[in-house]
Amino acid sequence: LWENVRNLTLQSTAPALVYEEGSLIKRSVRDLYNKDIDEILVSGEDGYREAKDFMRMLMPSHAKVVQPYRDTTPIFVRNGIEAQLDRMLQPQVTLKSGGYIIINQTEALVSIDVNSGRSTKEHSIEDTALHTNLEAAEEVARQLRLRDLAGLIVIDFIDMEENRNNRSVEKRLKDHLKNDRARIQVGRISHFGLMEMSRQRIRASVLESTMKPCPHCGGTGHV
Numbered sequence: 001l002w003e004n005v006r007n008l009t010l011q012s013t014a015p016a017l018v019y020e021e022g023s024l025i026k027r028s029v030r031d032l033y034n035k036d037i038d039e040i041l042v043s044g045e046d047g048y049r050e051a052k053d054f055m056r057m058l059m060p061s062h063a064k065v066v067q068p069y070r071d072t073t074p075i076f077v078r079n080g081i082e083a084q085l086d087r088m089l090q091p092q093v094t095l096k097s098g099g100y101i102i103i104n105q106t107e108a109l110v111s112i113d114v115n116s117g118r119s120t121k122e123h124s125i126e127d128t129a130l131h132t133n134l135e136a137a138e139e140v141a142r143q144l145r146l147r148d149l150a151g152l153i154v155i156d157f158i159d160m161e162e163n164r165n166n167r168s169v170e171k172r173l174k175d176h177l178k179n180d181r182a183r184i185q186v187g188r189i190s191h192f193g194l195m196e197m198s199r200q201r202i203r204a205s206v207l208e209s210t211m212k213p214c215p216h217c218g219g220t221g222h223v
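Quick note: the sequence shown uses the numbering used here, first residue 1, plus one each step.
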């Protein structure tokens, strides 16, 4: 990629475009692919060619990983992607333990509220809170990337008595943020169970790019 930019720069007469942000296919290959992935299936001949050519340029020895999707069932239907896309627009995300998080995006900040819900498998309230918070920390890191959430983010974890449990939750969140391309600053969990963090805005969030305010209520949710 750098060689292409360099060659274009040397061969062009200013003003000239030497690089622009790639298409969704190119961004997906660049941002999400790693050596642990065995196969990339691409639907449509044009999309397949674009992904294949980009992988040849990016990592030539891994080009064979990119394969065309040939099944008659649409790829999004077969893999349940459409249902996942629908869930990305919902404020509530259910955790495997029975707990859930509520994500609210406002002009000032993004608030994320963690609730234990039906998660009562542990022997004590503290253990339930820790287990739910650890699970929520992992899901929060995932949702930030999926929804392209940015700016000031405040997470309201379930209150815990033990400081070491708070440190465990902080570490779990930081560990799962390591693969995020955006610049991130993470604070510590306060006495009130709140954690503040900031995430670089790379592009508009999913909500901003796919939805618009309701013409009846003006986006307030009240009529």
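Careful: at least some of the hints might be erroneous.
[Unchecked claim] Okay, the calculated beta carbon distance ranges per label pair:
1. Glu45 x Leu8: 22 to 28 Å
2. Ser23 x Asn104: 30 to 36 Å
3. Asn104 x Ala83: 29 to 35 Å
4. Leu17 x Met59: 22 to 28 Å
5. Pro91 x Leu8: 43 to 49 Å
6. Ser124 x Lys96: 18 to 24 Å
Hints in this document: simulated from the structure, not taken from any laboratory.
Even glycine gets a Cβ: it sits at the ideal position worked out from N, Cα and C.
We went through each hint and held it up to the structure:
| no. | hint | result |
| --- | --- | --- |
| 1 | Glu45 x Leu8: 22 to 28 Å | holds (27 Å) |
| 2 | Ser23 x Asn104: 30 to 36 Å | holds (31 Å) |
| 3 | Asn104 x Ala83: 29 to 35 Å | violated (22 Å) |
| 4 | Leu17 x Met59: 22 to 28 Å | holds (24 Å) |
| 5 | Pro91 x Leu8: 43 to 49 Å | holds (44 Å) |
| 6 | Ser124 x Lys96: 18 to 24 Å | holds (20 Å) |
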